[in-house]
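Enquirer: Here are the chains, one letter per residue:
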Amino acid sequence: MKLTLFSGVFLGTTTTMLSSSWFIAWLGLEINMMAIIPLMMNPISQRSLESSAKYFISQAVASSTIILASSWNWFISGQWIISHTSDNFSITLISLALLLKLGLAPLHFWLPEVLQGVNLQMGLIISTWQKLAPLTLLIQISSNTGLKPILIFISVFSVLIGGFGGLNQTQLRKLLAYSSISHLGWIVGVIFLSPSLSWLTTLVYLTITYSTFVILIELNSTKISDLMFSWSKTNWSHSKCILILLSLGGLPPFTGFFLKLSISNELLSNSLISMTILLMLGSLISLFFYLRLSFITSLLLTPTNLLIKGSWKTHHHSNLLNNLLFLFSIFLLPLSPLMLSLSHISL
Amino acid sequence: MKISMVLEVLFLTGMVILVVDVSPYFGAIGLIVTSLVGCFMIMMVGNSFLSLSLLLIYLGGMMVVFSYCTALVLDMYPSIIVKELLMKLVLGILMVLGLEMIIFSEDGIHGFKTLGEEMVDFGFVGAGALYGNSWLLVIFGAIGLFLMLLVVLEITRSVERGAYRVI
Numbered sequence: 001m002k003l004t005l006f007s008g009v010f011l012g013t014t015t016t017m018l019s020s021s022w023f024i025a026w027l028g029l030e031i032n033m034m035a036i037i038p039l040m041m042n043p044i045s046q047r048s049l050e051s052s053a054k055y056f057i058s059q060a061v062a063s064s065t066i067i068l069a070s071s072w073n074w075f076i077s078g079q080w081i082i083s084h085t086s087d088n089f090s091i092t093l094i095s096l097a098l099l100l101k102l103g104l105a106p107l108h109f110w111l112p113e114v115l116q117g118v119n120l121q122m123g124l125i126i127s128t129w130q131k132l133a134p135l136t137l138l139i140q141i142s143s144n145t146g147l148k149p150i151l152i153f154i155s156v157f158s159v160l161i162g163g164f165g166g167l168n169q170t171q172l173r174k175l176l177a178y179s180s181i182s183h184l185g186w187i188v189g190v191i192f193l194s195p196s197l198s199w200l201t202t203l204v205y206l207t208i209t210y211s212t213f214v215i216l217i218e219l220n221s222t223k224i225s226d227l228m229f230s231w232s233k234t235n236w237s238h239s240k241c242i243l244i245l246l247s248l249g250g251l252p253p254f255t256g257f258f259l260k261l262s263i264s265n266e267l268l269s270n271s272l273i274s275m276t277i278l279l280m281l282g283s284l285i286s287l288f289f290y291l292r293l294s295f296i297t298s299l300l301l302t303p304t305n306l307l308i309k310g311s312w313k314t315h316h317h318s319n320l321l322n323n324l325l326f327l328f329s330i331f332l333l334p335l336s337p338l339m340l341s342l343s344h345i346s347l
Numbered sequence: 001m002k003i004s005m006v007l008e009v010l011f012l013t014g015m016v017i018l019v020v021d022v023s024p025y026f027g028a029i030g031l032i033v034t035s036l037v038g039c040f041m042i043m044m045v046g047n048s049f050l051s052l053s054l055l056l057i058y059l060g061g062m063m064v065v066f067s068y069c070t071a072l073v074l075d076m077y078p079s080i081i082v083k084e085l086l087m088k089l090v091l092g093i094l095m096v097l098g099l100e101m102i103i104f105s106e107d108g109i110h111g112f113k114t115l116g117e118e119m120v121d122f123g124f125v126g127a128g129a130l131y132g133n134s135w136l137l138v139i140f141g142a143i144g145l146f147l148m149l150l151v152v153l154e155i156t157r158s159v160e161r162g163a164y165r166v167i
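If you're matching them up, the sequences are chains A and B in order.
Quick note on numbering: the UniProt record's numbering labels position 276 of the first sequence as 276, and the sequence is numbered without any gaps.
Quick note on numbering: the UniProt record's numbering labels position 111 of the second sequence as 111, and the sequence is numbered without any gaps.
Don't read these hints as lab results, they were simulated from the structure.
It is possible that part of the hints are untrue.
[Unchecked claim] Covered, in the sense of this in silico footprint (three residues per stretch, anywhere, with C-beta under 8 angstroms from a C-beta of chain B), are these stretches of chain A:
(1) 4-13
(2) 20-31
(3) 36-42
The beta-carbon is built from N, C-alpha and C at its ideal position, and this holds for glycine as well.
Assemble the whole structure, with the sequences as input and the hints as a guide.
Expert: Now the structure itself:
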């Protein structure tokens, strides 16, 4: 059953990403959403049922808005092709629906609660794989100039909300939800200027988020208090934790810095100076809580009871993919000109 | 006896079986009979494609899904109709039969020649294009619907689970 549902998730996203018609894209989004709902219900509890219901409601509203707006576009222009969407009302409504699917402010209210209610593995899938399909559609319709004020407002608002919202969190999944809101705000901020830069940023950001979730799964920690005592565990993932958190925050020797640098460069070349200032200030706030988290995890020896014995039998399930993506999310900064030129972005 | 009158009586019988039965197992037989007769009636008008697609989708799709779902729900105490009510309903069918014989008789009251005169074309060829060039869309739709069935059955799986209970 899980194999069928996971293949449904994969099928839905792939259908949407490969489609040129709004109808097939909507079909893929619906298959994706329906297949992931039972997966979110493990282990079954009131909390996971509640968060799967919230996820279903928000995504279903967005999907039905997409089919409504694309039907209106068909009524006006007579065709369903995504890149020829011409009616302004349709484009606005579709982009708002896609931003609801991604979880950007001011449509972000479902994301922290949904991520909190599921376990870390499903949180990984919701944060990484589910963002691909709506971003594909958004990139395809982003060349319309009517979207520019909406996207600028939403991206600045998302980064600020992602920064301020994560300040008071002690639960790691809610923290990562606000970090996802903030990073997607950066990504959506450049879509109308350079869609290929936006796509490259998405891929690198998804790698970093994947590595963060994998480290938290290895440490089996969902709260800050779990991370505090992770130094006594035998897998030394707390040292990986500080590196990945600083990369997520955008500090220079790590990959996350190149994301913010290239986006800021693109925005400043197009004279969007106040937007860049606001984005950077919002990221500064989120950097504060990443630093707090990494300080607690790796730079502080919290007192535990002395009866803790680290087990000498390490359950060392080292996975090639996880380690490779971890290396990419830390050490990829020197390769950033190569990545930019491979995506046809001229600096 | 014209065949149209027989068809109408059978249609009505199917609906009566559907309405009479308290448990869903036996009511499904009424639905099957009704839709079969309805397909035949549509074919008599001349629209064979609609009848075929109705048969495929209604009986082959929805009915199968309905019966699997009701089979999984485990009706605790399946019951059938009380004998007196059945007698009343059979009496009702006979009355309708008699009324039809009066209305639709050859040299009786005319003006109800409903079956078989004009072919009504609602542009159903548009639905037929789905089976031509865009067969992949049909396959995708089928996969999506099947996945939806599995998802719904997974969510409402057992009686004692949290908020999404079936019974």
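Enquirer: State for each hint whether it applies.
Expert: Consistency of the hints with the structure:
1. 4-13: holds (count 4)
2. 20-31: The restraint on the stretch 20-31 of chain A holds, since 4 of its residues have a Cβ under 8 angstroms from chain B and three suffice.
3. 36-42: Satisfied; 3 residues make the cut.
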